[in-house]
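The chain contents come next:
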Amino acid sequence: MPTIKIDGKEIVVESNTTIIEAAKKLGIDIPVFCYHEGLSIAANCRMCLVEVEVNGRKFNKPLPACHTIVSEGMSVLTDTPKVKKTREGVLEFLFLNHPIDCPICDQAGECYLQDHYMAHGGYESRLDTEKVRKNKAVPIGEYVILDSERCVLCSRCVRFTKEISKTEELGIFNRGNHSEIGVVTGKSLDNEYSLNVVDICPVGALTSRDFRFKKRVWYLKSTPSICSGCSMGCNSFVEYENGIIYRVKPRENKDVNGWWMCNEGRLLYHQINNNRLTTTLTKGSEISQKEALSKFADIIKSHKNSSDKIGVVLSTHLSNESAYAVKSFFKDYFGVKSFYINNKKDGKSDDFLIKKDKNPNRIGVSLIIGTNSIDKTLKEAVKKHETLIFWGGEISSEFDSIESDLKKVKNIILFATNKNILTDIADISFPITSIVQERGTFINVQNRLQQFYPIEKHQALTYNPTDKGVAQITSITQRIYTPIEWLVNLSKKMDYNYSLDSIFKVFTQMRKEIPQFTNIEYKDIGLNGFLLKEK
Amino acid sequence: MAKKGIVVSKHKYTLSEKLYYPEIFKGMGVSIRHFFANIFKKKYTVTLQYPEQKESYTERFRGKHRLMTREDGSLRCVACMMCATACPAECIYIEAEDVGDSLVEKRAKLFVIDELRCIFCGLCVEACPTDAIRMDTGEHVEPEYTREAFIYDKKKLLQKTGRSVAIQGGDSDYIHKN
Numbered sequence: 106m107p108t109i110k111i112d113g114k115e116i117v118v119e120s121n122t123t124i125i126e127a128a129k130k131l132g133i134d135i136p137v138f139c140y141h142e143g144l145s146i147a148a149n150c151r152m153c154l155v156e157v158e159v160n161g162r163k164f165n166k167p168l169p170a171c172h173t174i175v176s177e178g179m180s181v182l183t184d185t186p187k188v189k190k191t192r193e194g195v196l197e198f199l200f201l202n203h204p205i206d207c208p209i210c211d212q213a214g215e216c217y218l219q220d221h222y223m224a225h226g227g228y229e230s231r232l233d234t235e236k237v238r239k240n241k242a243v244p245i246g247e248y249v250i251l252d253s254e255r256c257v258l259c260s261r262c263v264r265f266t267k268e269i270s271k272t273e274e275l276g277i278f279n280r281g282n283h284s285e286i287g288v289v290t291g292k293s294l295d296n297e298y299s300l301n302v303v304d305i306c307p308v309g310a311l312t313s314r315d316f317r318f319k320k321r322v323w324y325l326k327s328t329p330s331i332c333s334g335c336s337m338g339c340n341s342f343v344e345y346e347n348g349i350i351y352r353v354k355p356r357e358n359k360d361v362n363g364w365w366m367c368n369e370g371r372l373l374y375h376q377i378n379n380n381r382l383t384t385t386l387t388k389g390s391e392i393s394q395k396e397a398l399s400k401f402a403d404i405i406k407s408h409k410n411s412s413d414k415i416g417v418v419l420s421t422h423l424s425n426e427s428a429y430a431v432k433s434f435f436k437d438y439f440g441v442k443s444f445y446i447n448n449k450k451d452g453k454s455d456d457f458l459i460k461k462d463k464n465p466n467r468i469g470v471s472l473i474i475g476t477n478s479i480d481k482t483l484k485e486a487v488k489k490h491e492t493l494i495f496w497g498g499e500i501s502s503e504f505d506s507i508e509s510d511l512k513k514v515k516n517i518i519l520f521a522t523n524k525n526i527l528t529d530i531a532d533i534s535f536p537i538t539s540i541v542q543e544r545g546t547f548i549n550v551q552n553r554l555q556q557f558y559p560i561e562k563h564q565a566l567t568y569n570p571t572d573k574g575v576a577q578i579t580s581i582t583q584r585i586y587t588p589i590e591w592l593v594n595l596s597k598k599m600d601y602n603y604s605l606d607s608i609f610k611v612f613t614q615m616r617k618e619i620p621q622f623t624n625i626e627y628k629d630i631g632l633n634g635f636l637l638k639e640k
Numbered sequence: 002m003a004k005k006g007i008v009v010s011k012h013k014y015t016l017s018e019k020l021y022y023p024e025i026f027k028g029m030g031v032s033i034r035h036f037f038a039n040i041f042k043k044k045y046t047v048t049l050q051y052p053e054q055k056e057s058y059t060e061r062f063r064g065k066h067r068l069m070t071r072e073d074g075s076l077r078c079v080a081c082m083m084c085a086t087a088c089p090a091e092c093i094y095i096e097a098e099d100v101g102d103s104l105v106e107k108r109a110k111l112f113v114i115d116e117l118r119c120i121f122c123g124l125c126v127e128a129c130p131t132d133a134i135r136m137d138t139g140e141h142v143e144p145e146y147t148r149e150a151f152i153y154d155k156k157k158l159l160q161k162t163g164r165s166v167a168i169q170g171g172d173s174d175y176i177h178k179n
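If you read the sequences in order, they're chains H and R. The first sequence lines up with residues 106 to 640 when you count with the working numbering. The second sequence lines up with residues 2 to 179 when you count with the working numbering.
Chain H with its partners taken away, still in its complex shape (with noise of 0.2 Å):
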C-alpha cells in the first residue's frame, strides 16, 4: 500500500494503482484522451503528462498519469509550467488539422477538444500551410457516422472493438499527418455494441446516426433510468428536452453493465416517444376517462358474487411497485385469486449484456404475485374467465395462440403504454405511464434490485414540426396516470379507502409480506442497484 503525493495532498493506495485513477480519488482533473477505465491502456494521446518526483529525484520527461503505477514515495505534480507547457503542446499538434467545424459537429458541447482547449490551450494557430483535409461525414455502419478530420487517434474505438466487443472491425491505417481511423476492407462497423464508440469517442468523430442533427447537447436534461430491453436492465441515462426523449446513453455500474450498452436498448426510446396510447379508448374508439372509469367501475361490480371470473394479467413491464398495488387492490377489496404472468417471447442472447429472457422484471413481478401462479399460463386464462384485466400491454409469446380464444373473452380491460393490436380487440383501453415517466424498481437477471427515476413531465407523443411557426406537440387531451394513480381513481369512483397511494407506501407494505425486500430501505437501493438474497 505505497503513499504518494498528488499536488502535495497525500494519499494512501493500493499497489498497481495508475497516478491517474489515485489522483481521480483526489478528485483532482487530469485531462486525457485515450484513456478509459473500461479498455486497456494505450497511453498514446499524451494528454496526461505528469511531472513525478520519487523521494525527491525528478524525472527528466514527464511521465503519462495513465500509465504510470504509483510507489512508495512518489510525489506527483501535475500544475507546474512544464506540465501545461506540455498539454499546450499535446493540444496543438492534435488541433493541427483539426477542421474546427464544431458548428456542424454533433459532439459540441460534450467534446474533450474544447473543454481541453478552454482548460489547457487558448493559444494561437501557428500554421501557415494547408490543413491535411480527409474524408468527411461517412457512414461506417447502420448506426454510426464516421469523420476523420475530427478525429485525434486515440484508438479508443479500435480497442472497444478489440476488446469489448471483439469484432475487430476497426483500424488506424496510413502513417503520420495522414493516419486515420478506418474499418477494415470487407467489413462495417455492424456489430450490437457499435453505438458504444459513438459515447467513448472524446471528439466528434464517430457520431450517431440515430442521433444526427437531432439536437445540440446542451439543450437535453438527463435522468438516470433503467433499460426495459432485456432482463439484464442496463444502467442508462435517458437524455430528454420538453418531454421528448433524443437518446439513451449508458450508466457506469461496474456491477452490470460496465459502460456500455447494447444498441437495440439504446433504440427502446422510439417506442417510448411513439404511437403511444395517450386517450383511453373503446374498441379502439376514443371515449372520456369518467366514462371508462364507470364502465370498469361497473364490470368489476357485476362480478360481486363471483371473483373468480376475473384474471388479472400482470405485464413483466410493470414496476415491483405498480405490480404489488394492483395485486393487493384485486385481491385485497375484490378476493381475486388469479393472477397471470404475460411473458414475452424470448430473443436473441449473447454472452455479454444481451440477454435471451426479453422481460425486465419477470423475477420481481412473479415474486410479489407468487410461485404459485407462474405455471398458470395465459391460454388457461383466457377459458376460464370472463373478465380479463391486462396490466401492460406487451404482446405475449402466447398471443398468436390465444388470439381467438381472447376475442371470444366478454370483458378485456387493458392498461397499457403504446397502441397495438391489443388497443383494438379490449374492450377499454387505460393509457398508463411508461418506465421514463415513473418511478419505481424492477429486478433483473442477476437478482439485483434497480430503480429507475421519472423524468420531467413527459409528452411522449407524435410531434408534428409545422412549416409555419414553431413546432407543435400535439397536446395531451388527458393525463396520463401511473398504474397507482389509476388504482386511487378507480378506488374513489368504487367509494374504496385506498391507502397505498404512493409507490414508498408500497414500498413499505411490500417489504412486511415479502421476506426478499425485509431489511432494504428505498434509499438504500440507490444508483447502482441492491443485491436481493436468494430466500
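Take the hints with a grain of salt, since some may be wrong.
Claimed, not checked - Here are some chain H residues pointing at chain R (derived, C-beta under 7 Å):
#1 208
#2 209
#3 241
#4 318
#5 321
Stated by the list, open to error - In silico DSS-like pairs for lysine-lysine, Cα to Cα no more than 25 Å straight-line:
#6 H/489 x H/513
#7 H/354 x H/319
#8 H/400 x H/598
#9 H/453 x H/395
#10 H/326 x H/354
#11 H/359 x H/461
#12 H/597 x H/400
#13 H/129 x H/114
#14 H/513 x H/271
#15 H/241 x R/110
#16 R/110 x H/319
#17 R/155 x H/320
#18 H/320 x R/110
#19 R/156 x H/319
#20 H/406 x H/271
#21 H/319 x R/155
#22 H/359 x H/326
#23 H/166 x H/110
#24 R/156 x H/326
#25 H/320 x R/156
Quick caveat, the hints were computed from the structure, so don't treat them as lab data. Idealized CB from N, CA, C, for every residue including glycine.
Got chain H; can you put chain R on it based on the hints?
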C-alpha cells in the same frame, strides 16, 4: 465616507420677473418668432411628413432580421443553434436536417423567429459563426393583424436577402443598402 451636501441658494427674482408681464411677453415673442420662421423659412421646419419622408437611422440600428445566402443562393445557416442559445428571449426556433453532402452536411430545415418575443438585442447576430443572420435591414417590424403573422419563417426572413449576399471570410459591403 460621508458625502458633503451641496448648498443650493434660492433663485432671486429680478425686478422684471417680479413684475410678471415683461417675462410673459418675452416668452410669447419666442413662440411667435418660431411660428413665422416655420411658415416662411422652410429650412427651420423640424416636422417630417412621416410615411413619405423618413428619418435615416444610424448604420448600427438593429431592425428586422434577415437571413443571408451563399453565393449559390443556398441559405448560409448551418443550424448550429448558437443564435437560439444566445437569445435571451428564446424567440428563435431552428430544426436541423442532414444535407447528405459532405461539404455542407447540415442546414436549417426550419428557421423561425417570433418577432413579438424578440427584444432586438442583437446577440443572435453576434453569436452567428457563419454570418447567416443580420439585423441591418433598417426597418421596424411592421404591424400585423394577427399574432401568427409576427412569426417569421425562413421564406419571410430570406426575402430581404436578394439584394445582398454574404461572402465567405467577411464582406466589405456590410451595410444593407436601401
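Of all the hints numbered above, which does this structure not satisfy? Sort the numbers upward.
Violated hints (numbers, rising): 9, 14, 20 and 24; every other hint is consistent with the structure.
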